[in-house]
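There are 2 protein chains.
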Amino acid sequence: MTLPVKDRFDLPEGMIYLDGNSLGPLPKGVGAAVQKVIADEWGQQLIKGWNVCDWMDQPARVGNMVGRLIGAQDGSVVMGDTLSIKVFQALAAGLEMRPDRRVILSDSGNFPSDLYMAEGLVALKNAGFELRVADPEDVADAINDEIAVVMLTEVDYRTGRMHDMGAITGLAHAAGAVMVWDLAHSAGAVEVDVAASNCEFAVGCTYKYLNGGPGAPAFIYVRPDLAQTATPALSGWLGHAAPFAFDPSYTPAPSVERMRVGTPPVLQLAALEQAMTAWDGITMAEVSQASLRLSERFIAEVEARCPQLILLSPRDGSVRGSQVSFGFDHGYAAMQALIARGVIGDFRAPNVMRFGFTPLYLDEGDVLAAVDILQNVLDNRRWDAPEYRAVSRVT
Amino acid sequence: MTLPVKDRFDLPEGMIYLDGNSLGPLPKGVGAAVQKVIADEWGQQLIKGWNVCDWMDQPARVGNMVGRLIGAQDGSVVMGDTLSIKVFQALAAGLEMRPDRRVILSDSGNFPSDLYMAEGLVALKNAGFELRVADPEDVADAINDEIAVVMLTEVDYRTGRMHDMGAITGLAHAAGAVMVWDLAHSAGAVEVDVAASNCEFAVGCTYKYLNGGPGAPAFIYVRPDLAQTATPALSGWLGHAAPFAFDPSYTPAPSVERMRVGTPPVLQLAALEQAMTAWDGITMAEVSQASLRLSERFIAEVEARCPQLILLSPRDGSVRGSQVSFGFDHGYAAMQALIARGVIGDFRAPNVMRFGFTPLYLDEGDVLAAVDILQNVLDNRRWDAPEYRAVSRVT
Numbered sequence: 000m001t002l003p004v005k006d007r008f009d010l011p012e013g014m015i016y017l018d019g020n021s022l023g024p025l026p027k028g029v030g031a032a033v034q035k036v037i038a039d040e041w042g043q044q045l046i047k048g049w050n051v052c053d054w055m056d057q058p059a060r061v062g063n064m065v066g067r068l069i070g071a072q073d074g075s076v077v078m079g080d081t082l083s084i085k086v087f088q089a090l091a092a093g094l095e096m097r098p099d100r101r102v103i104l105s106d107s108g109n110f111p112s113d114l115y116m117a118e119g120l121v122a123l124k125n126a127g128f129e130l131r132v133a134d135p136e137d138v139a140d141a142i143n144d145e146i147a148v149v150m151l152t153e154v155d156y157r158t159g160r161m162h163d164m165g166a167i168t169g170l171a172h173a174a175g176a177v178m179v180w181d182l183a184h185s186a187g188a189v190e191v192d193v194a195a196s197n198c199e200f201a202v203g204c205t206y207k208y209l210n211g212g213p214g215a216p217a218f219i220y221v222r223p224d225l226a227q228t229a230t231p232a233l234s235g236w237l238g239h240a241a242p243f244a245f246d247p248s249y250t251p252a253p254s255v256e257r258m259r260v261g262t263p264p265v266l267q268l269a270a271l272e273q274a275m276t277a278w279d280g281i282t283m284a285e286v287s288q289a290s291l292r293l294s295e296r297f298i299a300e301v302e303a304r305c306p307q308l309i310l311l312s313p314r315d316g317s318v319r320g321s322q323v324s325f326g327f328d329h330g331y332a333a334m335q336a337l338i339a340r341g342v343i344g345d346f347r348a349p350n351v352m353r354f355g356f357t358p359l360y361l362d363e364g365d366v367l368a369a370v371d372i373l374q375n376v377l378d379n380r381r382w383d384a385p386e387y388r389a390v391s392r393v394t
Numbered sequence: 000m001t002l003p004v005k006d007r008f009d010l011p012e013g014m015i016y017l018d019g020n021s022l023g024p025l026p027k028g029v030g031a032a033v034q035k036v037i038a039d040e041w042g043q044q045l046i047k048g049w050n051v052c053d054w055m056d057q058p059a060r061v062g063n064m065v066g067r068l069i070g071a072q073d074g075s076v077v078m079g080d081t082l083s084i085k086v087f088q089a090l091a092a093g094l095e096m097r098p099d100r101r102v103i104l105s106d107s108g109n110f111p112s113d114l115y116m117a118e119g120l121v122a123l124k125n126a127g128f129e130l131r132v133a134d135p136e137d138v139a140d141a142i143n144d145e146i147a148v149v150m151l152t153e154v155d156y157r158t159g160r161m162h163d164m165g166a167i168t169g170l171a172h173a174a175g176a177v178m179v180w181d182l183a184h185s186a187g188a189v190e191v192d193v194a195a196s197n198c199e200f201a202v203g204c205t206y207k208y209l210n211g212g213p214g215a216p217a218f219i220y221v222r223p224d225l226a227q228t229a230t231p232a233l234s235g236w237l238g239h240a241a242p243f244a245f246d247p248s249y250t251p252a253p254s255v256e257r258m259r260v261g262t263p264p265v266l267q268l269a270a271l272e273q274a275m276t277a278w279d280g281i282t283m284a285e286v287s288q289a290s291l292r293l294s295e296r297f298i299a300e301v302e303a304r305c306p307q308l309i310l311l312s313p314r315d316g317s318v319r320g321s322q323v324s325f326g327f328d329h330g331y332a333a334m335q336a337l338i339a340r341g342v343i344g345d346f347r348a349p350n351v352m353r354f355g356f357t358p359l360y361l362d363e364g365d366v367l368a369a370v371d372i373l374q375n376v377l378d379n380r381r382w383d384a385p386e387y388r389a390v391s392r393v394t
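Residue numbers (numbering that gives the first Met the number 0), protein chains in the order written: chain A, 0 to 394; chain B, 0 to 394.
Where hints are given, some of them may not hold.
Since the list can't tell identical chains apart, any single copy or any two copies may satisfy a pair.
No more than 27 Å apart at the CA atoms, straight line, and that leaves these computed lysine-lysine pairs for DSSO-like [claimed, not checked]:
#	residue 1	residue 2
1	Lys124	Lys47
2	Lys47	Lys5
3	Lys124	Lys5
4	Lys35	Lys124
5	Lys27	Lys124
6	Lys5	Lys35
7	Lys27	Lys5
Hints in this document: simulated from the structure, not taken from any laboratory.
All of these numbers come straight from a predicted model, not from anything done at the bench.
Construct the complete structure from the given sequences, taking the supplied hints into account.
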């Protein structure tokens, strides 16, 4: 099954893009939407744009669009800042909810920035606070009554290995801990139901599967029953109950909007809002199933034709996100050779070749063409060329 | 003297824009610059944009452009996040530098979000930390050896009243405190020399006088001798010494870039980078002098022709930023009536009519035309109309 929405994207001729897990491609209409905000809104309305163009409502409005893809009810997601900032807010709010506890538990499969932000928070708070990091397979056992907050990324950024959101949230709650999920590699990739998981907080970014563009803002979900009590920690004026009253002291908004901080990035939000229309008329169940089918086909073809590569992702599709990783000692150079031939994946140290399967703009023909090129690169040692050895930076 | 750069802006026909202190107008070329990033960079390069289009270097590159307007040496300013976030980072770093002290001192003339962020930080840290807020005229006397960090906004957002950066920084240092300046209403408005002031940190936004557009990112300056020791607090991966090594633990970059947090807002930064070219070939001394001349003319004309208004800004131009505020009991409605007639200023409770004088795109003819319309609104009580009474939100 191919989703009938490939024509909603502007992909370069001759490129097979298997890196939507890092930066999604340009959806059609985004250029025009941003141009409208620049020329007609900012250019013509200037300061009045905040009112007449509804800029101030963007974070909540776009939050609802994102919320629908992760099983969040309207009014429980708000956009802003970066994922790292939203991780910090969720963790700080979680610690505040368990004042008798001192430990944040995460795992070594988490994206490093999440761990860094937790480190920073723990250092700020002093007084015996601790970040404890377990291996992903041990994290369930490490949940106990010392833990204030469990913070995990559902889909491992290197291997695609998935945690069971419902089960781990249940363990966290049974131990009296607050649960924070990072959905960076989940939102728009796999079926997520934050409400059913019953987690207190979820955060994520929008420049990967949601195709919001480089630097697109992050989102935060707050479970609705906590929206009037969760501490924002980064208590900026746009999270105030009445920002334009210019009160000398802070009163948080009685909603998820308390997690807003400063002035919203209007241009980035306009790009994202347009990008979200690429999801019109399709369901996450369809996307997830189509992604699984593409991934399974890729794994089967690579294993049949490229014995040099070792599957690093889980073989069981039910515990794998929409990306597939293979290990290869010359993975960095091989990925450069692939990229030079129009197949865009990425590389993660030490040896991970990572490929994302995003069925909004990929179909089986793309997958087969990519494997043809991969096989050619490997069988002919195309990676063994000086131009592919220099280390570069790819997020 | 008129600065010969008005043609670098796209202002709507018939609008006299005296609100550049809130949101700067659209500089020419911004639409094309952002379009290039969307269509040619994101659209064509996708993930490769991070390398081949130098997106990753934007925050430092644009930081240098901003730094030149505030007397900061290259490599001491970096862009990102919002001003509220940068306030938090500067305050947290300052507290860390004075571990034996517990008080942040600010004043009631500060922008509320700065105070809110300090409140949030103090609450996070617990353990007797305190935000102390003095009146602006008493703040110098309130600096003593209890104070860890003095945080002030140089130019009062309501009245334009200016603090003496050098003198207050000297008092702070004499008392052993760290100095943080918020330059939201200074950068691009008045001459600032952060290096000469010797302050440890300075922060500001770029959507006002720097014309970066709605949601443009903030900046932070770190005094060069502190760039290898200041604690970032919000320790995100892009402030790491080696973000793409994906280390499990955080090591800050050995430079101001440690104050970066998450993925930079590439579209907003592209808009800002183009907007900064409007400053090519002019100096802040010229801008400041031209602004003073426009403001003085405005004050003189208003006082001669509009006796209904009371000057709230300092009469002495040497202690006033580039904005002028008048008090009027019907100020809200009067401002709406002015806006309806093409003169755009803004209103701040309870009675402040605020006008900004930004000589990049304003000249004496604009000032005189604005006063004509203001006099007409006041003399004919044009503000006394039902359509001007509804409260709206203007940032």
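Going down the list of hints, with the structure as the test:
no.: 1; hint: Lys124 x Lys47; result: neither (41 Å within a copy, 39 Å between copies)
no.: 2; hint: Lys47 x Lys5; result: between (37 Å within a copy, 21 Å between copies)
no.: 3; hint: Lys124 x Lys5; result: neither (48 Å within a copy, 50 Å between copies)
no.: 4; hint: Lys35 x Lys124; result: neither (44 Å within a copy, 44 Å between copies)
no.: 5; hint: Lys27 x Lys124; result: neither (45 Å within a copy, 46 Å between copies)
no.: 6; hint: Lys5 x Lys35; result: both (24 Å within a copy, 23 Å between copies)
no.: 7; hint: Lys27 x Lys5; result: within (10 Å within a copy, 34 Å between copies)
Of the numbered hints given earlier, the model fails hints 1, 3, 4 and 5; all others are met.
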